[in-house]
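> Chains U and F supply the protein sequences, listed in that same order. Last residue of the first sequence: 1322 (the numbering used here), numbering continuous. Last residue of the second sequence: 690 (the numbering used here), numbering continuous.
The set of hints was computed from the structure by calculation and includes no laboratory data. Some hints could be false.
[Unchecked claim] Between beta-carbon pairs, the in silico distance windows are: (1) F:675 - U:1267: 28 to 34 angstroms; (2) U:1236 - F:490: 48 to 54 angstroms; (3) F:619 - U:1218: 52 to 58 angstroms; (4) U:1296 - F:553: 36 to 42 angstroms; (5) F:619 - U:1259: 43 to 49 angstroms.
[Unchecked claim] Computed cross-link-like contacts, DMTMM-like style, restricted to lysine to aspartate or glutamate with a CA-CA straight-line distance of at most 20 angstroms: (6) U:1311 - F:564; (7) F:557 - F:486; (8) U:1311 - F:490; (9) F:647 - F:564.
Since this is a predicted model, take the numbers as computed values, not measurements. Cβ atoms here follow ideal geometry from the backbone N, Cα and C, with glycine treated the same way.
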Amino acid sequence: MSIRLTLFILCISLIFLIYILRNVKTHTLSVRNSLLWIILLAVIILSVGSLPLLERIAHFFGIETVSNMLFFAGFLFLMFICFDCTKTISRQNEKILRLTQELALLEKKYEDDEKTGLEK
Amino acid sequence: MKVLIIVPCYNEEKNIERTIEGIIEKGYDYVIIDDGSKDASLEIARKNNYQVIHLSNNLGIGGAMQTGYRYAARNGYDVAVQIDGDGQHNVEEVEKLIQPIRDGLCNMVIGSRFIDNKGFQSSTMRRVGIRLLSWLMKLFSGQEILDMTSGFRAIDKSLIRRFSDRYPSEYPEPVTNLQVTKLGYKIKEVPAMMNERQQGRSSIFGIKNVYYMLNVIFQLILIQLSGEN
């Protein structure tokens, strides 16, 4: 990998890292959700400087080139994040359902109490 | 026995008054669950001083019915009967649904179109689909239920408690039929006449029918495979 490419990847990773940290600071992104992205960036930054290691790993998995392995790893990572998002959406749907039901039941109880109060 | 009729209602401004007046005439306790209707259903209900629970978000039939079951559980009802707000079900037949529960014969009673084959029978395509669901039900649980998608159902206290806690958001009727049978609850079917919807369109129509069927079949298979309870 050329020095220029290494620097380019490092720069992009650093900008992304700063962006994530800023989002955490302004509470747009929770610490828990930022962790996965920070780990990804750490892996990228560490692996950029160690091409021979990457080559060895690619060879171990029977993947011909390092770039192919990186594409595959990226794809897996995005799949994982996507699945995690779907899970979160399902959980949140359930919470919204419960909240809506509880709100409606409370509203009904309030109306009923008001009516009986008036009758008394 | 305290009986509550739960009337899920989504955009039923043309039917709701007729349905509720019929229930009031018979003297049953009832509650309308307005599932975030966009038409005047809620205003009509409020204007007439009907018992109504208003959901601020549209939760779908499962979420709406579960709200009704929770209301029934909190207010100590022994039996909950579902009657759709679109005038499909006959309030005169509610007694037939409650009787087997009163006699302690079962936990759930389904009003079925396909025992006497009287009244509105729904389209051919839908009937084929429903027959397929019945076949799967029989295959997976050994229990025969002819009208798997019927919403005209009565349940006892034990199921009110269970459904308040867990009730599927989508396709609740066929899914719960299989779930509760596998858990050992008893279901009985009684003949019931259904009317064609008086006004408006059913929420399941056209291509959605096929999608509906595929989804339900998939869920039934999942229940069978996972032994979900």
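> State for each hint whether it applies.
Status of each hint after checking the structure:
In this structure the hint that residue 675 of chain F and residue 1267 of chain U lie 28 to 34 angstroms apart at CB is violated, the actual value being about 42 angstroms. For the pair residue 1236 of chain U and residue 490 of chain F, the supplied restraint of 48 to 54 angstroms holds, since their beta-carbon distance comes to about 52 angstroms. For the hinted restraint 52 to 58 angstroms between residue 619 of chain F and residue 1218 of chain U, the CB-CB distance of approximately 55 angstroms keeps it satisfied. Take residue 1296 of chain U and residue 553 of chain F: their Cβ atoms lie about 38 angstroms apart, and the range 36 to 42 angstroms holds.
One distance hint, 43 to 49 angstroms for the beta-carbon pair residue 619 of chain F and residue 1259 of chain U, is violated here, with the actual separation near 57 angstroms. A threshold of 20 angstroms between alpha carbons decides the hint, and for residue 1311 of chain U with residue 564 of chain F the separation of about 32 angstroms lies outside it, so the pair is violated. Note on residue 557 of chain F and residue 486 of chain F: the hinted pairing holds, with a Cα-Cα distance of about 17 angstroms set against a maximum of 20 angstroms. Only pairs whose Cα atoms come within 20 angstroms are accepted, and residue 1311 of chain U paired with residue 490 of chain F is accepted, the gap being roughly 16 angstroms.
Only pairs whose Cα atoms come within 20 angstroms are accepted, and residue 647 of chain F paired with residue 564 of chain F is accepted, the gap being roughly 13 angstroms.
Hints 1, 5, 6 from the list above are not met by this structure, while the remaining hints are.
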